[in-house]
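Protein chains: 2
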Amino acid sequence: MNPKEQPDQDFAGISPAEFFYRNRQMAGFGNPTQAVYSTVRELIENSLDACEDAGRPPMVTLSTVAEDANTITITVEDNGSGLPYDEVAQAFGRVLYGSKYERRQRRGTFGLGVTMAILYGQITTDSPVFVHTQSSEGPGREYGLLIDIENNSPIVVSEAAQDRCSLGTSVSISLKGDIKRAQDRIVDYLRLTTVGTPNARIAFDINGEIQGSFGPWTSEMARQSIPVKPHPRAVDLELLRRLLKEFRGDTIHDFLVASFQQLGVRTASKLLAFMGIDPKIPTEALTRQDYSRLCQGMRHFNGFSSPDGRCLSPIGEVPFIRGVSSVFNPSLLSYTRQGVFEWEGNPVILEGVLALGDAFPPADTPTLYRLANRVPLLYDASEDVLTKVVKQVNWRRYGFSKPQPVGLFLNVSSTRIPYRAAGKQSLAHISEIEEGASLLLKSLGRFLNGKISSSGAASRNRRKRREYSELIGIVAKYSSALAGYDSPPSTGPIVNKLFEVGEDE
Amino acid sequence: MNPKEQPDQDFAGISPAEFFYRNRQMAGFGNPTQAVYSTVRELIENSLDACEDAGRPPMVTLSTVAEDANTITITVEDNGSGLPYDEVAQAFGRVLYGSKYERRQRRGTFGLGVTMAILYGQITTDSPVFVHTQSSEGPGREYGLLIDIENNSPIVVSEAAQDRCSLGTSVSISLKGDIKRAQDRIVDYLRLTTVGTPNARIAFDINGEIQGSFGPWTSEMARQSIPVKPHPRAVDLELLRRLLKEFRGDTIHDFLVASFQQLGVRTASKLLAFMGIDPKIPTEALTRQDYSRLCQGMRHFNGFSSPDGRCLSPIGEVPFIRGVSSVFNPSLLSYTRQGVFEWEGNPVILEGVLALGDAFPPADTPTLYRLANRVPLLYDASEDVLTKVVKQVNWRRYGFSKPQPVGLFLNVSSTRIPYRAAGKQSLAHISEIEEGASLLLKSLGRFLNGKISSSGAASRNRRKRREYSELIGIVAKYSSALAGYDSPPSTGPIVNKLFEVGEDE
Numbered sequence: 014m015n016p017k018e019q020p021d022q023d024f025a026g027i028s029p030a031e032f033f034y035r036n037r038q039m040a041g042f043g044n045p046t047q048a049v050y051s052t053v054r055e056l057i058e059n060s061l062d063a064c065e066d067a068g069r070p071p072m073v074t075l076s077t078v079a080e081d082a083n084t085i086t087i088t089v090e091d092n093g094s095g096l097p098y099d100e101v102a103q104a105f106g107r108v109l110y111g112s113k114y115e116r117r118q119r120r121g122t123f124g125l126g127v128t129m130a131i132l133y134g135q136i137t138t139d140s141p142v143f144v145h146t147q148s149s150e151g152p153g154r155e156y157g158l159l160i161d162i163e164n165n166s167p168i169v170v171s172e173a174a175q176d177r178c179s180l181g182t183s184v185s186i187s188l189k190g191d192i193k194r195a196q197d198r199i200v201d202y203l204r205l206t207t208v209g210t211p212n213a214r215i216a217f218d219i220n221g222e223i224q225g226s227f228g229p230w231t232s233e234m235a236r237q238s239i240p241v242k243p244h245p246r247a248v249d250l251e252l253l254r255r256l257l258k259e260f261r262g263d264t265i266h267d268f269l270v271a272s273f274q275q276l277g278v279r280t281a282s283k284l285l286a287f288m289g290i291d292p293k294i295p296t297e298a299l300t301r302q303d304y305s306r307l308c309q310g311m312r313h314f315n316g317f318s319s320p321d322g323r324c325l326s327p328i329g330e331v332p333f334i335r336g337v338s339s340v341f342n343p344s345l346l347s348y349t350r351q352g353v354f355e356w357e358g359n360p361v362i363l364e365g366v367l368a369l370g371d372a373f374p375p376a377d378t379p380t381l382y383r384l385a386n387r388v389p390l391l392y393d394a395s396e397d398v399l400t401k402v403v404k405q406v407n408w409r410r411y412g413f414s415k416p417q418p419v420g421l422f423l424n425v426s427s428t429r430i431p432y433r434a435a436g437k438q439s440l441a442h443i444s445e446i447e448e449g450a451s452l453l454l455k456s457l458g459r460f461l462n463g464k465i466s467s468s469g470a471a472s473r474n475r476r477k478r479r480e481y482s483e484l485i486g487i488v489a490k491y492s493s494a495l496a497g498y499d500s501p502p503s504t505g506p507i508v509n510k511l512f513e514v515g516e517d518e
Numbered sequence: 014m015n016p017k018e019q020p021d022q023d024f025a026g027i028s029p030a031e032f033f034y035r036n037r038q039m040a041g042f043g044n045p046t047q048a049v050y051s052t053v054r055e056l057i058e059n060s061l062d063a064c065e066d067a068g069r070p071p072m073v074t075l076s077t078v079a080e081d082a083n084t085i086t087i088t089v090e091d092n093g094s095g096l097p098y099d100e101v102a103q104a105f106g107r108v109l110y111g112s113k114y115e116r117r118q119r120r121g122t123f124g125l126g127v128t129m130a131i132l133y134g135q136i137t138t139d140s141p142v143f144v145h146t147q148s149s150e151g152p153g154r155e156y157g158l159l160i161d162i163e164n165n166s167p168i169v170v171s172e173a174a175q176d177r178c179s180l181g182t183s184v185s186i187s188l189k190g191d192i193k194r195a196q197d198r199i200v201d202y203l204r205l206t207t208v209g210t211p212n213a214r215i216a217f218d219i220n221g222e223i224q225g226s227f228g229p230w231t232s233e234m235a236r237q238s239i240p241v242k243p244h245p246r247a248v249d250l251e252l253l254r255r256l257l258k259e260f261r262g263d264t265i266h267d268f269l270v271a272s273f274q275q276l277g278v279r280t281a282s283k284l285l286a287f288m289g290i291d292p293k294i295p296t297e298a299l300t301r302q303d304y305s306r307l308c309q310g311m312r313h314f315n316g317f318s319s320p321d322g323r324c325l326s327p328i329g330e331v332p333f334i335r336g337v338s339s340v341f342n343p344s345l346l347s348y349t350r351q352g353v354f355e356w357e358g359n360p361v362i363l364e365g366v367l368a369l370g371d372a373f374p375p376a377d378t379p380t381l382y383r384l385a386n387r388v389p390l391l392y393d394a395s396e397d398v399l400t401k402v403v404k405q406v407n408w409r410r411y412g413f414s415k416p417q418p419v420g421l422f423l424n425v426s427s428t429r430i431p432y433r434a435a436g437k438q439s440l441a442h443i444s445e446i447e448e449g450a451s452l453l454l455k456s457l458g459r460f461l462n463g464k465i466s467s468s469g470a471a472s473r474n475r476r477k478r479r480e481y482s483e484l485i486g487i488v489a490k491y492s493s494a495l496a497g498y499d500s501p502p503s504t505g506p507i508v509n510k511l512f513e514v515g516e517d518e
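The listed protein sequences derive, respectively, from chains A and B. The working numbering puts the first residue of the first sequence at 14, with every later residue one more than the last. The working numbering puts the first residue of the second sequence at 14, with every later residue one more than the last.
By construction, these hints were calculated from the structure, which means they are not laboratory data. Be aware that one or more of the hints could be misleading.
Which copy is meant is left open, so a pair is good if it fits within one copy or across any two.
[Stated by the list, open to error] Each computed BS3-like pair below joins lysine-lysine, with the alpha-carbon atoms no more than 27 Å apart:
no. : residue 1 : residue 2
1   : Lys-415   : Lys-404
2   : Lys-464   : Lys-415
3   : Lys-401   : Lys-193
4   : Lys-258   : Lys-242
5   : Lys-293   : Lys-401
6   : Lys-242   : Lys-283
7   : Lys-258   : Lys-464
Here chain A stands alone, though its shape is the one from the complex (with noise of 0.2 Å):
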């Protein structure tokens, strides 16, 4: 037997298409109530990029309609610049597609989710997605799109002029889901959504029944991330070998100034004699044990800054504030940030907002609201690295004896978020976004400690010293008049001994 003719080996490759439509519960597809969550999420964040792109406030409408008991059209527009034409098919039609493949923050970053919302409709409904997009020059065009599933390509069903008085682009999906047990879910992620982009305005019509906008708290624009080169510490063999080839230089003096941040002319030559490396050889020269040597010298050598935090669009302090108060009208909150700091070369900031307040339940520990690069995680927080954090905290220390009604928004920004799985639902275990995470509750625990004392435990202590005086004060009247004295002694003194405050109290 010739090893081509083995038995029951039947070898295949599928496209990245057949392998999430056949895993789809890893992209947030698993059940209808999931699937209806994740198309509005991933169109609401495909929208939110495409207008901070246009450097404009985001407008974004989300309609559904109920086209029969379990079948739903989802429609996300937005006021973006639109799509270039000859984009639109690849762009909605293809698995691992899009325009988010640079090395600064956005919300997508796969070219996947999208794409598995309007894979999951037509497997369910066998519709096609129609995108309508208006740039500044042309009319507005109107696709009909279904996905080749087996080639990973798309289909182009329908195609024609339709002109509307704005820019922007607008997606309609139909899929087989359940959108009464979404609903909630929905109109909780459009709030914060609102909190992590506070610029935004988030407008919602669900079946006609649940209808009402989000925001704006603010007319600040967000501080628009721009692409960067590579930090030294990011680099790998297949990195390295990348920007080698795309290098149009001479010698790797020069390859290393033009291809990495934080590595100037005098940082690449001490690069260079710290790794024993000739700064005057040809890049062309260099051998496999050199490319090596390169990698490991980079990751270990310690004379770098830290990563340029430009491609990074934090919050920022005022509107991250603003948000949190819009939305949750706290009593009493404060800001902190971590950062920039780095996880294998890529940029990461913090940020973070304790809030008090009767919108939160009271909890042994404050309630936690995940944000990463501005978009709300709502599910799967249990293995989530911030709910790790959290739980690590001893929070009695910051005044939690008793429950306290406190709410904590974290957001983690950088160019590269350590998604757990493709649904993009929680973050990974990755120990500096852990230590940066827990100086930054330390930081707002010993904010809140003193205020949950001068507010809560404060006025509990006031009301308890309140009752002693008026015990005792009818101890102190009986007991002398029992003894045959006229008036009952002072007994303030001893009160204010006994809850240990000043005269002037």
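Take the given structure of chain A and dock chain B to it, following the hints.
Leaving out everything else, chain B in the frame of chain A:
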């Protein structure tokens, strides 16, 4: 401005290799410890599948060698039938390529795991994977392979004849990784692997420091799973279209009978009547509306039998009990099974073993050991549906009024395991699996209840009675002496009355 010339819109597609390279934490390669563990795991599972396909009891050897402080070479060798030479490069050098896309139970299903390990090795050490394979006819060959990540295709760097004395495949991967931190988990994993595959022998040598082997605990061969046709309730529009494309017959009636399991001539007629479709319609005449009606009808018709379980390979009562007994040496144990039941047309069998013994830490609920298609899942337990079900049970009802040393082993067998992420560590919340597991636990719990009270509680009671007897005897002796009696009265009846037992106990 033409839409094509819009700024900062640089569209591109990425290969699945690139996707998982960028998001390696999703596939279990998020840090050096996890990377070592996942590499071992993926290689072992690949080998076990190969041996079972060959119909031989698996003999698998894991050996690791420390190349330097943080570089390790991991080699796994099996006694399978070897691979066809012309598939080696694709099978190991291409993500989402493999022999495992049939509808039957396998450990590996994605064509992802081993390729990810190879990719991780390549980007951290620049070393190719070395694959040696020898089948019954040809002489052995060894291949050195790298992955072209951008194009998701293999690069063969070396190929040479190399004859060995026995059949099988051996794979060697060098990677940067932390074996010291991973080794306890690895040994746990290997041990539990022989619970799931009790006829396997797994020998290991970790850096010459930790050596040993587990199994085989039985010589019984596992039932070999056979590929089956899809169940009608597994249908979606994509699957329907593919099956129609493959169909070489004429009418819709013939198509249904030929393409699905549990759909004989009579059921097909009933189903078509239920949907109001003429059984004589040629499949070519079907419209898109018909496709939708077919899908809907097949999902809602309730005349189908449960899915065929022959495509599954559960552990089985005797081997499972033997595996748990050999590894954990419990004093008591019980096996139960649920199914074949189904989720989305996929057959599922759940097996559980509950064991009482000193190997398990006393706790308020049983210590859970999860397996899926015989593979132990050691990470990410807290989000797993099985963990959820264990938490929902009121274990106090089954004798857990105080902590008990009980282990609970659950194995889920299915053609489609709903992993939450590509790293395959925990199961999504599929309601059918939840219900099945819940029934299984109740049945196991009832077994336990009797056993704990007749073993633990009863033996505690006997000990207490002995102690009371002694004490009361002493009291009786000295007080009767004090009172001047010659001999103390009999205390047995008093103690028995106190412990509510008859004279005979």
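Which numbered hints does this structure break?
Those not satisfied are hints 5 and 7.
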